[in-house]
Amino acid sequence: MLSSIRQFFRGPSLAVAIGSAALCAGAISAHAAEGAETSIAIKDHKFDPAQVKVSAGTPIRLTVNNLDATAEEFESKSLQVEKVIAGKGTAIIRLKPLAKGTYPFVGEYHEETAKGVLVAE
Amino acid sequence: MLAALVILFREVLEAGLIVGVILAAARGVPGCARAVGLGVLAGFAGSIVVAIFAAEISSAFDGRGLELFTAAVLLLAVVMLTWHVVWMADHARELTAHLRDLSRSVEGGAQSVVVLGIATATAVMREGSEAVLFMSSIILQNADTAANLALGSAGGLALGAAVSVAVYIGLSTIPLRWFFAATGALVTMLAAGLAAEAVHQLSNAGLVPTSIDVTLWDTSWLLSDDSFVGRLLRVLLGYRDRPTVPEALAYAATIAGILLLSRHRKLQKLAAHAISARSSA
Chain A
0 MLSSIRQFFR GPSLAVAIGS AALCAGAISA HAAEGAETSI AIKDHKFDPA
50 QVKVSAGTPI RLTVNNLDAT AEEFESKSLQ VEKVIAGKGT AIIRLKPLAK
100 GTYPFVGEYH EETAKGVLVA E
Chain B
0 MLAALVILFR EVLEAGLIVG VILAAARGVP GCARAVGLGV LAGFAGSIVV
50 AIFAAEISSA FDGRGLELFT AAVLLLAVVM LTWHVVWMAD HARELTAHLR
100 DLSRSVEGGA QSVVVLGIAT ATAVMREGSE AVLFMSSIIL QNADTAANLA
150 LGSAGGLALG AAVSVAVYIG LSTIPLRWFF AATGALVTML AAGLAAEAVH
200 QLSNAGLVPT SIDVTLWDTS WLLSDDSFVG RLLRVLLGYR DRPTVPEALA
250 YAATIAGILL LSRHRKLQKL AAHAISARSS A
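So the protein sequences, as listed, match chains A and B.
In terms of numbering that gives the first Met the number 0, the first sequence opens at residue 0 and continues consecutively.
In terms of numbering that gives the first Met the number 0, the second sequence opens at residue 0 and continues consecutively.
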């Protein structure tokens with residue numbers, strides 16, 4: 000078992016591992032602008048407020064506070080975000096600069112009530 | 000109940016597909032079923048640990064913890080699957096012989112089995128923690144809702160397992176002649192898709208410069224990631240309806256890497272054969 004693990008690390012995968020580590024480090028060292036702050040809460044499986052206005056063309060840092068005891072998953076197809084938030088937890092969602100428009104999002108675990116929309120203008 | 004079933008099935012579909020592909024691609028490797036089984040268990044145990052510490056992981060690194068953790072798990076899966084494809088390319092002939100005549104043995108199967116176990120565990124762990132977090136709300140509800148949720152969740156998990164079995168059976172119908180070439184290609188694209196997803200996670204963590212993080216094309220009107228077929232193709236072939244330049248690069252780099260390493264191994268083996276043939280002559 001041990002020798003097989005050792006052999007494995009000597010294998011070609013080492014190159015891949017180093018490659019991906021380098022890629023990762025390169026990505027982390029690149030700093031992106033933090034952007035405008037805004038926040039939203041989840042309470043009783045609903046977003047509060049259900050509509051968030053942000054300015055278009057700048058990065059956004061959206062803090063989602065889950066005040067419910069149950070977990071929720073913030074999901075937006077148009078924003079390409081899918082992030083689970085533990086009960087009583089907080090998530091920070093970083094958005095790239097948006098074009099003007101409306102971007103709907105849902106709480107995937109309570110889709111019938113947890114609906115919201117981000118308006119970039 | 001149906002809602003819980005649908006949500007949980009969506010969470011475990013990806014793991015179910017990947018486990019099915021791994022099981023099929025490892026056909027003939029001694030002990031592979033056990034390794035994959037242990038991988039599922041380890042992945043599930045890992046999911047519970049991640050779910051327990053979800054709040055802490057999420058808030059680490061200025062709110063980037065979850066994305067970084069997911070990216071790391073994905074990259075580990077990419078490395079394992081790469082290793083697996085390269086190893087299979089090396090041993091396909093032996094494995095085919097072994098499947099035709101089970102008395103023939105396969106050399107070096109033990110290391111491959113470790114890799115399979117880890118690859119399976121990462122696949123299960125990636126979305127498993129979300130499934131566990133969803134199910135954790137079962138104990139927070141009143142008895143009626145809890146029973147409904149529990150039933151739905153169990154159904155969703157069973158469907159996920161059924162997907163694994165269906166994929167395995169489906170792939171097993173490929174004639175042996177092409178079997179390892181076909182599954183090797185499938186695992187290669189699957190790994191490339193996971194690499195692209197890792198880059199997507201890093202992008203969501205705000206770690207990819209926005210100047211290069213531009214969308215390459217938008218085919219969501221044709222085949223959306225959200226549709227069932229879109230989801231299947233996303234997992235199996237790495238399809239994305241709105242890929243970005245870095246995601247596409249990661250996809251291409253993974254495929255190129257796997258092809259190069261496989262060829263390198265084959266050449267190495269040929270050279271070794273030539274040397275031993277000459278010295279024995």
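Don't read these hints as lab results, they were simulated from the structure.
None of these values were measured; they are calculated from a predicted model.
Accuracy of the hints is not assured; some may be wrong.
What the hints assert, rightly or not - Simulated restraints on C-beta separations: (1) G30/B x E110/A: 29 to 35 angstroms; (2) G56/A x P174/B: 54 to 60 angstroms; (3) T209/B x A68/A: 33 to 39 angstroms; (4) V48/B x G56/A: 49 to 55 angstroms; (5) A146/B x L66/A: 23 to 29 angstroms; (6) L231/B x S54/A: 36 to 42 angstroms.
Don't be surprised by glycine CBs; every beta carbon is placed ideally from N, CA and C.
To see whether the hints hold, each was checked on the structure:
One distance hint, 29 to 35 angstroms for the beta-carbon pair G30/B and E110/A, is violated here, with the actual separation near 42 angstroms. Remark: the range hint 54 to 60 angstroms for G56/A to P174/B is upheld by a beta-carbon distance near 55 angstroms. A hinted range of 33 to 39 angstroms for the beta carbons of T209/B and A68/A is consistent with their spacing of about 36 angstroms. Look at V48/B against G56/A: about 41 angstroms separates their beta carbons, and that is not inside 49 to 55 angstroms.
Checked against the given bound of 23 to 29 angstroms, the beta carbons of A146/B and L66/A, roughly 26 angstroms apart, stay inside it. Taking the beta carbon of each, L231/B and S54/A are about 38 angstroms apart, inside 36 to 42 angstroms as hinted.
Hint compliance for this structure: hints 1, 4 are broken, all remaining hints hold.
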